[in-house]
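Those protein sequences? They're chains A and B, same order as listed. Count along the first sequence from 1, then add 1049; that gives the number in my numbering. Count along the second sequence from 1, then add 1049; that gives the number in my numbering.
If you're looking for bench data, these hints aren't it; they were derived computationally from the structure. We treat Cβ as the ideally placed atom computed from N, Cα and C, and that holds for glycine. Mixed in with the good hints, there may be bad ones.
[To be verified] Derived DEER-like restraints, expressed as beta-carbon distance ranges:
#1 K1253(B) / E1085(A): 47 to 55 Å
#2 Q1070(A) / Q1070(B): 42 to 50 Å
#3 K1128(B) / S1306(A): 17 to 25 Å
#4 L1170(B) / P1127(A): 27 to 35 Å
#5 Q1286(B) / K1311(A): 41 to 49 Å
#6 D1068(B) / K1096(A): 54 to 62 Å
#7 G1239(B) / G1059(A): 53 to 61 Å
#8 K1076(A) / T1285(B): 54 to 62 Å
#9 P1118(B) / T1086(A): 52 to 60 Å
#10 Q1286(B) / T1086(A): 53 to 61 Å
#11 E1099(A) / E1099(B): 49 to 57 Å
#12 T1124(B) / E1116(A): 36 to 44 Å
[Said to hold, decoys possible] If you want a taste of the chain B side facing chain A, the calculated C-beta under 7 Å gives, among others:
#13 L1197
#14 P1199
#15 Q1261
#16 S1271
#17 L1305
#18 S1318
[Claimed, not checked] Calculated pairs, EDC-like style, for lysine to aspartate or glutamate (alpha carbon to alpha carbon, straight line, at most 20 Å):
#19 K1128(B) / D1304(A)
#20 K1190(A) / E1116(B)
#21 K1190(B) / E1116(A)
#22 K1168(A) / E1116(B)
#23 K1190(A) / D1171(B)
#24 K1311(B) / E1116(A)
#25 K1283(B) / D1248(B)
#26 K1190(B) / E1339(B)
#27 K1168(A) / D1313(A)
#28 K1311(A) / E1116(B)
#29 K1096(B) / E1143(B)
#30 K1293(B) / D1304(B)
Below are the chains, spelled out letter by letter.
Protein chains: 2
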Amino acid sequence: MYLGGIEAGGTKFVCAVGDGQGNVLAKERIATTDTETTLRGVISFFKNFEIDGLGIGSFGPVDLNQESPTYGYITSTPKSGWANYPFVKTMEDELHVPVGLTTDVNAAALGELYNGAAKGLDGCLYITVGTGVGAGLVSQKRLLQGLLHPEMGHILLRRHPDDDFEGICPYHQDCLEGLASGPALEARWGRAAADLPKDHKAWKIEAEYLAQALMQYVLIVSPQRIIMGGGVMKQTQLFPPIRKRLQELLAGYIDLSEVKEKIDGYIVSPLLGDNAGITGALILAKRVAEGH
Amino acid sequence: MYLGGIEAGGTKFVCAVGDGQGNVLAKERIATTDTETTLRGVISFFKNFEIDGLGIGSFGPVDLNQESPTYGYITSTPKSGWANYPFVKTMEDELHVPVGLTTDVNAAALGELYNGAAKGLDGCLYITVGTGVGAGLVSQKRLLQGLLHPEMGHILLRRHPDDDFEGICPYHQDCLEGLASGPALEARWGRAAADLPKDHKAWKIEAEYLAQALMQYVLIVSPQRIIMGGGVMKQTQLFPPIRKRLQELLAGYIDLSEVKEKIDGYIVSPLLGDNAGITGALILAKRVAEGH
Ligand SMILES: Nc1ncnc2c1ncn2[C@@H]1O[C@H](COP(=O)(O)OP(=O)(O)O)[C@@H](O)[C@H]1O
Ligand SMILES: Nc1ncnc2c1ncn2[C@@H]1O[C@H](COP(=O)(O)OP(=O)(O)O)[C@@H](O)[C@H]1O
Ligand SMILES: [Zn+2]
Ligand SMILES: [Zn+2]
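Chain A on its own, in the form it takes in the complex (with noise of 0.2 Å):
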């Protein structure tokens, strides 16, 4: 069984065949332009194998939804000429194959779950902090999916008492996203958030905004593990703070070893890295290819 899956993202498009065993035949990164010479470039690159089912992981905001009449579309993103894109039906019709789609943090966590830090459990949380906030949710085996995919990254916060930047989320200024991505830690310091020292009081606020947002997916969706990647989770010396702030925020509540004693093994980093997004999309694809 051959089958394809794309990593859709802003920037580029990540193509990959594999054969259903885990491994990957063929791998080819198309950059993202219009859609035409960028769908051109990702249908002559499946056009090579005989696929039995397409896996998609995208940017979005995508419509997931079944009984909608744009299922599959990505819908409002600012990205010109992706707005309102019929990206399944598109595929079907040129590869005439089933086609699966959701989210770039649902792949992640679809391939951190099946081959990666969440291996063996029955679902895993993934959350990438980095131009954007986001996060995609497996739990028994399923992607969480209600009438739209999680939008995770712009939760409320409660500011931390050293923080009086405004935000820059355009909707929300002072969520998640608007307080703690990449973007956000640069205007807030006047710098890469990269180039930022490491015992920077940056990483203080950060480390307890992430908290936080951990706080309210624990109490909300009680994930199985917590997988945080992404640019700004290259900043390792933020786990330590996290685990410890979290554990302070619930207090107790919580009454399980996972959050308790062996919170270093459940707030984790991402064991596949670049490779999550494809590895979860092919998963998707072999979902499909069986028809579920």
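Assemble chain B with the ligands onto chain A, guided by the hints.
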């Protein structure tokens, strides 16, 4: 087919037998005292019928993790005699039928989904604002279950500028439950919540906190519909300001008619009232009797 349902509460157990088509054939209330007396009554009620499955919506916390050695236990409740009680095993041993257990709010969510205010949908969020604050979620017809069942009542909020009350949650002080439950209102304003005039400023602050909570829930789990019950929500004047404030907080970010134009039908009262939990328990019984 006969099915048994229990709504297990801190003051009473409601037991019912249904015919699997939504009709209740018999019902009994049993006071919650010690485990032995209470369950002797429950068991002898069900022994009058040849039931094929039992569903329970219980006060908690309960261990719903099927892999756990204490699966089916009521765990750390302060209710004397009930902590570490093997509820599911006791009922299986006595009644010799498959037993399904979930939380009281999860059962209410199931009931409202199949027979109440969310009928015809794929999922819903049921929130109770009463002695405590809790919520249950059904998504794609399934109860959300992670490491634990959701504990959505203890999320963090931003303080309303006019509120300097310290909060009453023994764990978190001013979490949602600590600020917005019935007892919190009573402690904050010096009289029972039911006795506060409809134009008291308590309700403005209450609506703010509940709208903030809904914002987090909408962003994190994107419910198909939100049903708000419990004693405090009898103050139906809360609904319009909650809806309005939620829209303000979301600030157009969630581009859905449910949230934008049709919010009156999105955030609603329960339809089943006090019967939501027992209705859901009977639905759960049907699921376990049919083996899923
Ligand atoms: N080593 C680093 N330390 C802190 N921030 C970083 C680091 N590397 C990248 N970033 C920040 O992460 C953001 C990019 O996130 P990334 O996850 O790499 O990509 P994207 O979110 O666009 O997919 C940028 O805002 C950048 O400032
Ligand atoms: N009409 C009312 N208006 C406001 N608060 C009420 C009203 N009725 C009950 N409450 C409050 O709701 C709480 C009881 O919640 P309820 O949902 O009835 O029960 P429980 O949560 O114990 O199952 C009490 O704290 C009470 O003050
Ligand atoms: Zn925002
Ligand atoms: Zn609390």
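Now the hints, each set against the structure:
no.	hint	in the structure
1	K1253(B) / E1085(A): 47 to 55 Å	holds (53 Å)
2	Q1070(A) / Q1070(B): 42 to 50 Å	holds (46 Å)
3	K1128(B) / S1306(A): 17 to 25 Å	holds (24 Å)
4	L1170(B) / P1127(A): 27 to 35 Å	holds (31 Å)
5	Q1286(B) / K1311(A): 41 to 49 Å	holds (46 Å)
6	D1068(B) / K1096(A): 54 to 62 Å	holds (56 Å)
7	G1239(B) / G1059(A): 53 to 61 Å	holds (55 Å)
8	K1076(A) / T1285(B): 54 to 62 Å	holds (58 Å)
9	P1118(B) / T1086(A): 52 to 60 Å	holds (57 Å)
10	Q1286(B) / T1086(A): 53 to 61 Å	holds (56 Å)
11	E1099(A) / E1099(B): 49 to 57 Å	holds (55 Å)
12	T1124(B) / E1116(A): 36 to 44 Å	holds (38 Å)
13	L1197	holds (5 Å)
14	P1199	holds (6 Å)
15	Q1261	holds (6 Å)
16	S1271	holds (3 Å)
17	L1305	holds (6 Å)
18	S1318	violated (20 Å)
19	K1128(B) / D1304(A)	holds (17 Å)
20	K1190(A) / E1116(B)	holds (15 Å)
21	K1190(B) / E1116(A)	holds (15 Å)
22	K1168(A) / E1116(B)	holds (16 Å)
23	K1190(A) / D1171(B)	holds (18 Å)
24	K1311(B) / E1116(A)	holds (18 Å)
25	K1283(B) / D1248(B)	holds (15 Å)
26	K1190(B) / E1339(B)	holds (15 Å)
27	K1168(A) / D1313(A)	holds (16 Å)
28	K1311(A) / E1116(B)	holds (18 Å)
29	K1096(B) / E1143(B)	holds (9 Å)
30	K1293(B) / D1304(B)	holds (15 Å)
Violated hints amount to a single one, hint 18; each of the other numbered hints is respected by the structure.
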